[in-house]
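Student: Each protein sequence line maps, in turn, to chains A and B. Numbers 1 to 306, taken from my numbering, label the letters of the first sequence in order. Numbers 1 to 306, taken from my numbering, label the letters of the second sequence in order.
In short, the hints are calculated from the structure, not lab data. Fair warning: this is a prediction, and the values are worked out from it, not measured in the lab. Accuracy of the hints is not assured; some may be wrong.
What the hints assert, rightly or not - Sample of chain B residues at the chain A side, in silico, Cβ under 7 angstroms:
(1) R152
(2) W201
(3) G205
(4) A206
(5) S209
(6) Y212
(7) E285
(8) I289
From the three backbone atoms N, C-alpha and C, an ideal C-beta is built for every residue, glycine too.
Protein chains: 2
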Amino acid sequence: MKELKVFAPATVANLSCGFDVLGCCLDSVGDEMVVRKNDLNEIRITKVTGQELPMEADKNVAGVAVKALLKDLESDQGFDIEITKRIKPGSGIGSSAASSAGAVFAVNKLLGEPYSSNQLIPFAMQGELIASGNEHADNVAPALLGGFSLVRSYCPLEVLSLPVPSELRMVVLHPLIEIKTKDSRSIIKQNISLKSAINQWGNLGALISALYTDDYDLLGRSLEDEIVEPIRSILIPYFQELDELSVANGALGFGISGSGPSVYALCKGDENAEKVKQAIKKFYEKKGIDFDLHLSAINKQGVKIL
Amino acid sequence: MKELKVFAPATVANLSCGFDVLGCCLDSVGDEMVVRKNDLNEIRITKVTGQELPMEADKNVAGVAVKALLKDLESDQGFDIEITKRIKPGSGIGSSAASSAGAVFAVNKLLGEPYSSNQLIPFAMQGELIASGNEHADNVAPALLGGFSLVRSYCPLEVLSLPVPSELRMVVLHPLIEIKTKDSRSIIKQNISLKSAINQWGNLGALISALYTDDYDLLGRSLEDEIVEPIRSILIPYFQELDELSVANGALGFGISGSGPSVYALCKGDENAEKVKQAIKKFYEKKGIDFDLHLSAINKQGVKIL
Numbered sequence: 001m002k003e004l005k006v007f008a009p010a011t012v013a014n015l016s017c018g019f020d021v022l023g024c025c026l027d028s029v030g031d032e033m034v035v036r037k038n039d040l041n042e043i044r045i046t047k048v049t050g051q052e053l054p055m056e057a058d059k060n061v062a063g064v065a066v067k068a069l070l071k072d073l074e075s076d077q078g079f080d081i082e083i084t085k086r087i088k089p090g091s092g093i094g095s096s097a098a099s100s101a102g103a104v105f106a107v108n109k110l111l112g113e114p115y116s117s118n119q120l121i122p123f124a125m126q127g128e129l130i131a132s133g134n135e136h137a138d139n140v141a142p143a144l145l146g147g148f149s150l151v152r153s154y155c156p157l158e159v160l161s162l163p164v165p166s167e168l169r170m171v172v173l174h175p176l177i178e179i180k181t182k183d184s185r186s187i188i189k190q191n192i193s194l195k196s197a198i199n200q201w202g203n204l205g206a207l208i209s210a211l212y213t214d215d216y217d218l219l220g221r222s223l224e225d226e227i228v229e230p231i232r233s234i235l236i237p238y239f240q241e242l243d244e245l246s247v248a249n250g251a252l253g254f255g256i257s258g259s260g261p262s263v264y265a266l267c268k269g270d271e272n273a274e275k276v277k278q279a280i281k282k283f284y285e286k287k288g289i290d291f292d293l294h295l296s297a298i299n300k301q302g303v304k305i306l
Numbered sequence: 001m002k003e004l005k006v007f008a009p010a011t012v013a014n015l016s017c018g019f020d021v022l023g024c025c026l027d028s029v030g031d032e033m034v035v036r037k038n039d040l041n042e043i044r045i046t047k048v049t050g051q052e053l054p055m056e057a058d059k060n061v062a063g064v065a066v067k068a069l070l071k072d073l074e075s076d077q078g079f080d081i082e083i084t085k086r087i088k089p090g091s092g093i094g095s096s097a098a099s100s101a102g103a104v105f106a107v108n109k110l111l112g113e114p115y116s117s118n119q120l121i122p123f124a125m126q127g128e129l130i131a132s133g134n135e136h137a138d139n140v141a142p143a144l145l146g147g148f149s150l151v152r153s154y155c156p157l158e159v160l161s162l163p164v165p166s167e168l169r170m171v172v173l174h175p176l177i178e179i180k181t182k183d184s185r186s187i188i189k190q191n192i193s194l195k196s197a198i199n200q201w202g203n204l205g206a207l208i209s210a211l212y213t214d215d216y217d218l219l220g221r222s223l224e225d226e227i228v229e230p231i232r233s234i235l236i237p238y239f240q241e242l243d244e245l246s247v248a249n250g251a252l253g254f255g256i257s258g259s260g261p262s263v264y265a266l267c268k269g270d271e272n273a274e275k276v277k278q279a280i281k282k283f284y285e286k287k288g289i290d291f292d293l294h295l296s297a298i299n300k301q302g303v304k305i306l
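One chain only, chain A, in its complex shape:
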């Protein structure tokens, strides 16, 4: 096999009480990438459509992630990478993670799968490092593994795959304003009250339990975040109104996707998700801010071969 075309999915990280440790993978939003062996011992970004991205491999997250993999493997195989970007950079739904994950997934396949999906995570994290200044795993892990991923530990890295209740749907609103991950991180307080932290880990524990027991209502009650959301939500136009609107229309829960500005409403079933989506659409159309709006099932597979 010389060439592979893959779907590189968008992801929702920092799922409310799961800040920095919990993310999930979307099914209907993502990039397309073509990765092809070359005979040049070189990693080249040969084509980017849909968005402006660095064409220099060392400045492009896909190039950086692939180079990390090849370095670990001590391989001098070259690759050409074409990216059809459908996830907007800075959207908060794992744009850089999709490119990093898609690239290392494809390269790994083309090399005969020397690594498991889980082993690809650290390479993809190198892409995240140049994108956001932070080597986080809660986007690249669900992009590679599918479903819900929990980062138990960063040092050593340990990521768990969690079960996915089958009726879960995500409605994701991306207000077309830009918030850089770096900026969004810098406003977070580095010290928090023990009381808030206890509430947060009580909720995260319950959320994990809800995933194992298909308890949608418990899932909804657990999607609380009193630590990061109150601060970051200030940067997102009409956050509070969107939250109330979504819940009033039956969403299980509502929160910030990644570092924003995208927000997500977690819903049970297509019908309810469609209702929440329409309510958000109607509300936001009046506000004079351009936006993208997605409805997606949870992608249990992660990166897919097309």
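Knowing the structure of chain A, use the given hints to seat chain B on it.
Tutor: Relative to chain A, chain B alone:
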């Protein structure tokens, strides 16, 4: 039914990364209580053996918990309560919780079960309030429900019952020194770093996952606490040595039980638990501190009728 004799179990709360939210119920350590209807419209503590406890109902945790139940029920039924105390107060394995839980369980039975076990938790918490100045649920909940209990939220109170991997065993060492819960709480820092909190909720999430998947090794790796244990362990003689000794002998994890001074080693299987118990015994016997040492399965039922 006029009279009931119950086994009121000891519990291990603050299970490492589950500080303030996660506790579990022991099988072979606990008090015995006899609760009997009287015709006096009065709650009386009629007999206490094994320990010195207040005989005045308003100062005894069992009396306070029963009064809270009867007030909610608007009942003027009187009860006599006899307590054979085998759990030492101040031990850190839920002495007050056992009395509170055992008393409300028995009274509820004698009144024809107007409340579910879960509904009894707030009454038993009133007992905890006078015992420790803090209305915590992570001892009374597992005492009443059995197994592992997770407190998702205190306001409103929501407690989840979690599955119990069948081979889990607890070795509990109680060094016979007294640490008051109030004092042990006061040394905890009320502000913590976000980084530590993130590690803690990553571990708690993984611990919950491990309970659902019978993953003993993951359970062991998750039993970390970088927030409370480093501070509280200073009060416990030879904590670090006991931790290393337990893990070296095959324990899954080690930590402080409740607010101490008891410590627990979580083990897989009777054989390993016995090995860890003997190693701890041999070590502590040389140290000149009196101690109690327990080996127990996890009690899946909670308070039991004898």
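Student: Against each hint, give a clear statement of whether it holds in the structure.
Tutor: A quick look at each hint next to the structure:
1. R152: holds (4 angstroms)
2. W201: holds (4 angstroms)
3. G205: holds (5 angstroms)
4. A206: Cβ of A206(B) sits 4 angstroms from chain A, so the hint holds.
5. S209: Nearest chain A Cβ about 6 angstroms off; hint holds.
6. Y212: holds (4 angstroms)
7. E285: Given a least distance of 36 angstroms, the restraint on E285(B) is violated.
8. I289: violated (30 angstroms)
The structure shown violates the earlier hints numbered 7 and 8.
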